[in-house]
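J.: Given next are the chains, with one letter for each unit.
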Amino acid sequence: MLRIQERLHHFKGHARGATLGLLASAALISGAGFATSAMAEGKTITAVMHSGLRVLDPIITTAHITRNHGYMIYDVLVAVDENFAPQPQMADWTVSDDNLVYTFTLRDGLKFHDGAPVTAADAVASLQRWSKKDSGGQLIADVTESLEAKDDKTIVWTLKAPFPALLDTVGKQSAVPPFIMPERVASGSADEAITDYTGSGPFVFVQDEYQPGVSVTYKKFADYVPREGASSWMAGGKNVMVDTVKWVTMPDAQTAINAIMSGEIDYIEQVQIDLLPILAASEDVTVETRDDLGYQTIGRMNFKHPPFDNVKIRQAAQMALSQEDVLGTLIGNPDYYKVCGAIFGCGTPLGDESGSDTLTSGGDVEGAKKLLQEAGYDNTPIVLMQPTDVVSLTAQPVVAAQALRNAGFNVDMQAMDWQTLVTRRASQATPSEGGWNIFFTNWMVPEINSPLISPMLNGRGDNAWFGWPQDDTIEALRAEFIAADTPEKQKEVAVKIQQHTLESVLYVPLGQYTSPQARSNKLTNMIPSPVPVFWNIEKAD
Amino acid sequence: MLGYIIRRILAVIPVMVIVAVFVFLLLRLTPGDPAAIIAGDMATPAQLERIRTSLGLSDPLHVQFVTWVGLLLKGELGTSLISNTPVTQMIGQRIWPTFNIAVMTIILSVVIAVPMGVIAAWRHRTWVDYAVMAFSVLGFSIPVFVIGYLFIQVFSIELRWLPVQGYAAPTDGFGKFLARAILPCLTLATIYVALIARMTRASMLEVLGEDYIRTARAKGVKETVVLFRHALRNAAVPIMTIIGTGFALLIGGVVVTESVFNIPGVGRLTVDAILARDYPVIQGMILLTSGLYVFINLVIDLSYTFFDPRIRY
Amino acid sequence: MTATPQPAARLQWLFGAIALPRGWRIGAGPIIAAIVLFVIVLAALAAPLFVPHDPMAMDALQRLKGPSETYLLGTDAYGRDVLSRVVTGGRVSLFIGIGAAVVSVMIGLMIGLVSGFFRLADAIIMRIMDSLMAIPSILLAIALVALNGPSIWSVMGAITIPEIPRVVRLVRSVVLSAREEPYVEAALALGSSMPKILWQHLMPNTLAPLIVQGTYICASAILTEAILSFLGAGVSTEIPTWGNIMAEGRVYFQLKPSLIFWPGLMLSLCILSINLLGDTARDLLDPRLKKREG
Amino acid sequence: MQFKTRTFDAAPTVLDIKNLTVELPGNKTAAPVLDAVSLRIRQGETVCLVGESGSGKSVTSLSVMGLLPKGALAATGGRIELEGKNLLELGPQAMRDMRAQKISMIFQEPMTALNPVMRVGDQIEEVLDTHTRLAAREKRARVLDIMNQVHLPDVERIHRSYPHQLSGGQRQRIMIAMALILEPLLLIADEPTTALDVTTQKQILSLIAELQEKHGTAVLFITHDMGVVAEIADTVHVMKLGQIVEQAPVEELLRRPRQDYTKQLLQSVPSLTPRAPRPQPQGEAVLSVNGLQKIYGAHGVFVRREPTRAASDVNFSIPRGRTLGIVGESGSGKSTVARCIMRLIDPTEGEIRVGDREIATLSRRALRPYRKHIQIVFQDPFRSLNPRWTIGQSLIEGPLNIGTDKKAALKRAAELLTLVGLPDDAVNRYPHQFSGGQRQRVAIARAIAMEPDVLVADEAVSALDVSVQAQVLQLLDELQQKLGIAILFITHDLRVAAQICDEVVVMQHGHIVEHDTAANVLANPQHTYTRALIEAAPGRAWDFANFRELQTA
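Residue numbers (the numbering used here), protein chains in the order written: chain A, 4 to 544; chain B, -3 to 309; chain C, 17 to 310; chain D, 4 to 556.
The following block holds chain A by itself, in its conformation from the complex (with noise of 0.2 Å):
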């Protein structure tokens, strides 16, 4: 009834708009109807995100927003906690003895938003079309034997050969985690993007107030009966605390930042670390870093061109460039910025940092001059992508030109926005037409954080990510990580790996950033977590 009146107003202020548009008085008082449309009652948290909510199907991109957006009214099955252990969430598993079977449970009270129930036949559908999209999903996928609902509750999944990291994948927490949707929405291709945004998690989207790239609502789901048990990351109980969370979108950080001083907004996910001394100015607002893990900046190469198809140019490249300069340029406050040369990143089970020591300890640019006349370079032009457009890129291409000019590189950087970065980067053309040598980007530390994830380290060749490395001994050492069955053992082959990686430059780790939030004191509660998640939290009136 509520969505039909909601309806109901929204067309009577479309039409009364059309009418009066042209009046202009008369606009100005009552055409403006929908634009904001009924305020939202009760506890609000005005929160402003990194970027714009665009794309509004979670398995279909990798992009964060979306990610989070899917956090937000979908759930998992498996979650992890902050000890990156897989934790029951929407269900309880087992797993048979030879690692083949894992029994699923689905755990009582469970809805859509709809009213209808959570099903297996729902959560396999989910899983499917999931594991089309996903890298670990496929690898997962390649050794399926079966996935099925046994009953309403029950869903078996089983396997031809084990797959140690099963649960780590189903419940990880980045580019796509398997969000449950209902069946008839999951069961839809995998390529085209869902238009039903029916989820169980623990806030209904309001699709009426949902502005592309501007804002987004959320209300609390009544009916969502949360697990027992603190929170801890993704896993354990979601208590929503407030009415209404709305995500609205603000194109400059400036003025994200006055607007969270005079209280006109509650939170700020990102902010930029230039900008802290301005807030430190309130009594009012809390900055403070909320995912001690952070983000690794990278630099990769492309591998099917001169000169960067020549180990040791790749290899002087690597030896011009140095973390420090690089995170000191984007970041500036030390407080906010690690140099890091573990590709697993440091804090993180993987993490190692073996054969990093350039990068680490400032570049050695003789070395790097050295080893690019070894290598017998030619004064190729190194075609350098900068996108201009995304404030935590910009940074990156313009250090990184500088060092590589300096070791005596040929550089040709390319200004261009962020679109045709990622157009032209899936170009395998020779740079002179059209095709590139290198780009930056950034990812965040849970997504690379294991060999079985990390896009870098496909060494597939034309199946690998951008850059296209034919590696057969990356490709041998990440099976090996797959059949390591300990933590010891996982460990072990991850060291590898990382040599390896450093000595082939399969990618130019950069260092590793935490980016600051900034929150109203108002907003109490607030659990870590590398998504920014929004239940648990309490507010002040």
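Treat the hints as calculated values from the structure; they're not laboratory data. There could be a bad hint or two in this list.
What the hints assert, rightly or not - Example chain D residues on the side facing chain B (calculated, C-beta under 8 Å, incomplete):
| no. | residue |
| --- | --- |
| 1 | L70 |
| 2 | T115 |
| 3 | P119 |
| 4 | T133 |
To be verified - Derived SDA-like pairs (lysine to any residue); straight-line CA-CA distance at most 25 Å:
| no. | chain 1 | residue 1 | chain 2 | residue 2 |
| --- | --- | --- | --- | --- |
| 5 | D | K142 | B | V222 |
| 6 | D | K73 | C | E85 |
| 7 | D | K73 | C | A44 |
| 8 | B | K218 | D | L76 |
| 9 | C | K212 | D | K410 |
| 10 | C | K212 | D | A412 |
| 11 | A | K492 | A | S518 |
| 12 | C | K212 | D | T407 |
| 13 | D | K105 | D | E86 |
| 14 | A | K525 | B | R156 |
| 15 | D | K73 | B | F224 |
| 16 | C | K81 | A | R463 |
| 17 | C | K81 | B | Q149 |
| 18 | D | K73 | B | W123 |
| 19 | A | K525 | B | A164 |
| 20 | D | K73 | B | Q149 |
| 21 | B | K218 | D | L93 |
| 22 | C | K81 | A | D277 |
| 23 | C | K212 | D | F385 |
| 24 | A | K372 | C | D70 |
| 25 | D | K105 | B | V221 |
| 26 | D | K375 | C | W215 |
| 27 | D | K375 | C | E196 |
| 28 | C | K212 | D | G406 |
| 29 | D | K31 | C | A44 |
| 30 | A | K135 | B | S50 |
| 31 | A | K525 | B | S152 |
| 32 | B | K218 | D | E186 |
From the three backbone atoms N, C-alpha and C, an ideal C-beta is built for every residue, glycine too.
Once you've looked at the hints, dock chains B, C and D against the given chain A.
T.: Showing chains B, C and D alone in chain A's frame:
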């Protein structure tokens, strides 16, 4: 008159067709792939290709064009590639902030600029004239975002009179709307005021030299009556014209102002769409703004008859 | 669509415009403007000879520093010297401004003459120009920069193209009204061919208004460059332009207003000077204004 | 000729200008614009102020109105007394109160003098709004009354018309109504009939006289036209370069001018006497026009306007060495005919023969070789020469087009300049360095540089002062005798036509109503329209050049 209107509306058709073809080709020749945006960082080339196909981007250009034109003729603008929302709905959601701010800006500008220009012309070559001219040159010379930041710094941060940013619809309370709209409007109005004041002054200077002004004075009519009753109406046509052509300038300003003041309007929508290669949204917006520009100028042309009875169509 | 029906009489003044009016007076304003502009241009041209630092050299440890002896105006977010960048930034900004003015005037002149002369071409050309005018120039410019990548050339092109229709309209209206002049009819009666009349009698009439228009285009091109940079569609951050120095600096507006202030000041002074000179040129070339002054 | 002979010795003085001096402020070196002008007007008197352009007539009138352009001109000496009050000392508000109540003014160009965007009734009413407090109905009654007094037809309709919907004569009547509605003591009329056709001029002049009679208004009438002076003046003041050189009652001045300048001025006034007939020339006509027709009409998709017949069924021919005049009022189609003949516009129908070549239907390109045979001189000497070109460049443009060597062309240009009475070093100078009469000579030289058979003079002397007009007419005559050119002379002025034409064609509404020798047309007009034209010519019974009544032969 009616015949003229019909002819003018018919003349709009080729213009809009050229705009449509031009924009379509421009966009499709632009490097950039909406599929890559949708899929994110981890997508493989095969996945991208599948998404492209499902969006219809793999079809030959002319097929895409025919599809789009077919939609247009049905009065639809298509569906956003990125957010999977109908373009008309997206524009519908975001047109009102822009519209309200633009209308308020125009009203504000005319109210400020016309008297400024009239007085400057009347007091030609006095300090009033020089002050008005200095302002109008200055208004042209400062980038609109600098003006915006200046206003924020002064009125919101130093004086704390007004909110820093955001937008509230008039339905949420007129005061609330006004508090948030006044700075963007002033920012936008600066250049518009400069433009209109300048044109008003020039046009008035010309009219004030006319014989009928001398006649009016010879009748012993008061100067205010001479200025506003006799001169201004005769000077109105070029002023109206500049208000119409200045509309294009306003659009440019709106794009910037919306991002400085965080207003969820169509200006930002368009820029975001361009950067994301969301073709249907860009095409829809450009078509819409072009159509609006043409329409406004048509209305202004017709309004000439109101100001000048000699003009008959 | 004919958006702005220019009464033919409006352009009448252009025909007497060649001989510099005798007894012309210039106030202090334009002279100061000329000096300011001269200094800015000279400084930009000679920048490599005297700026204290390489405007592109970065120092991660010297980010966002305030003014000091080494860095007179402080440093930016990459640890580059603001003074050097601001002075050098004029090069690209002015290049874009002047380039856009010259190119759009030249192309517009050619198209406008053809359009004013050939009736058939006129109909087609003016429809295309109307269409171009109807597309908001800033959106067109962003799209063009996105198309070609944000190099200096593509930014210049993106600014130039939307200006062309305005020049065409101007030239065309001058040509159309000049065609009615008795001396043009006399030339026709003397057996001069139309192309000759077009080039020798009509084209010179367009020069005075084109010079004025050119200064305005130049000013607005410099501004547009700044706005494009602001919207993320400008020249690469490596090469300083007034626009992208400000665009980068806007994030730090409250912390370091000087990042916007100095380039903004240079930009505004420069545009102010150009506009003032344009106004002066227009006044000098406009005998109607002279007449009113007595 | 019946002159006004009333005396005003007993009449009270309305306006007394004493030693009025007007100067350019901030320019002490320039000669004063008005130099100690003194002038007195008494009740009921009509004072004419005559002089050529630049003599200061208009400045005098504007001084009285207090309407000198601010900053450009300023009264620096003397007094202007109205009823004993010095107007120069009044404040702005007091001066505004004088206007329309005590002094009114009507201007030359009734189109531009009326506000184009206000209904004329409202414009008259504004005078009442400004100076009186009347009820709306009373106001309207008064406005309609004065409109009736100026003999406007259908006053209700005209009351709500805009100026552009009225004829020139009606507009001037509105101006007069506006000026006289408050019955001022003094009416200043600044060339009020110059922009009007002669027939309209006559009506307006008699209207002014009638109203003056009725209200006893004093009139200061400014004109350059001696004919008008003869018709209406009581007293005449002759101005030259800011000074009054002579003043006298009208008959006295016209019969016995004392000053040389006045004599010279009077001698340049052409009379309505036709020139002595010349022997009929031999040979073929060099220009003949047959059944010429020009129809303007829009054939738009959505437009349906009545086509305008600007000229129809026009026939005439000119033999070598002779001058044919086309006379008519504005809108008669005379200029359309000239432009068709020049092929500046394309005739709708008919043939135009130059020599034995039919040119009416030739394409523009094919026409070019025949252009040399027929040349034109335009009305406005300020716009007919390219301001960016030297005189030399303008003169050789045509010869270069027909393949003359540049050096030869330049040499010929210098000769031509001598021929038209200009120094031959003028080749290197620009048009703005010459006066209007000189430029018209250049334009004539440019035309004859092509050695044409026919010269079309389209109102070629209308924009010139009478003295210059006489010189240019003489030049044309001389050239015709030397070179044997046929001249097609387009004019609205019968006197001018009488001076120079062998034959006259009278046109009205695009048709030829009379075509005969000049002597016959003037002495024995057949058509009523021709007669009306002749009768409307002011001062037609006076032979100004000889200071006596016209001797009818």
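J.: Look at each hint and say if it fits the structure.
T.: Comparing the hints with the structure gives:
no. : hint              : result
1   : L70               : 6 Å, holds
2   : T115              : 4 Å, holds
3   : P119              : 6 Å, holds
4   : T133              : 5 Å, holds
5   : K142(D) / V222(B) : 21 Å, holds
6   : K73(D) / E85(C)   : 57 Å, violated
7   : K73(D) / A44(C)   : 23 Å, holds
8   : K218(B) / L76(D)  : 21 Å, holds
9   : K212(C) / K410(D) : 20 Å, holds
10  : K212(C) / A412(D) : 18 Å, holds
11  : K492(A) / S518(A) : 32 Å, violated
12  : K212(C) / T407(D) : 17 Å, holds
13  : K105(D) / E86(D)  : 10 Å, holds
14  : K525(A) / R156(B) : 21 Å, holds
15  : K73(D) / F224(B)  : 19 Å, holds
16  : K81(C) / R463(A)  : 47 Å, violated
17  : K81(C) / Q149(B)  : 21 Å, holds
18  : K73(D) / W123(B)  : 16 Å, holds
19  : K525(A) / A164(B) : 23 Å, holds
20  : K73(D) / Q149(B)  : 45 Å, violated
21  : K218(B) / L93(D)  : 15 Å, holds
22  : K81(C) / D277(A)  : 12 Å, holds
23  : K212(C) / F385(D) : 22 Å, holds
24  : K372(A) / D70(C)  : 23 Å, holds
25  : K105(D) / V221(B) : 21 Å, holds
26  : K375(D) / W215(C) : 22 Å, holds
27  : K375(D) / E196(C) : 21 Å, holds
28  : K212(C) / G406(D) : 15 Å, holds
29  : K31(D) / A44(C)   : 23 Å, holds
30  : K135(A) / S50(B)  : 16 Å, holds
31  : K525(A) / S152(B) : 22 Å, holds
32  : K218(B) / E186(D) : 20 Å, holds
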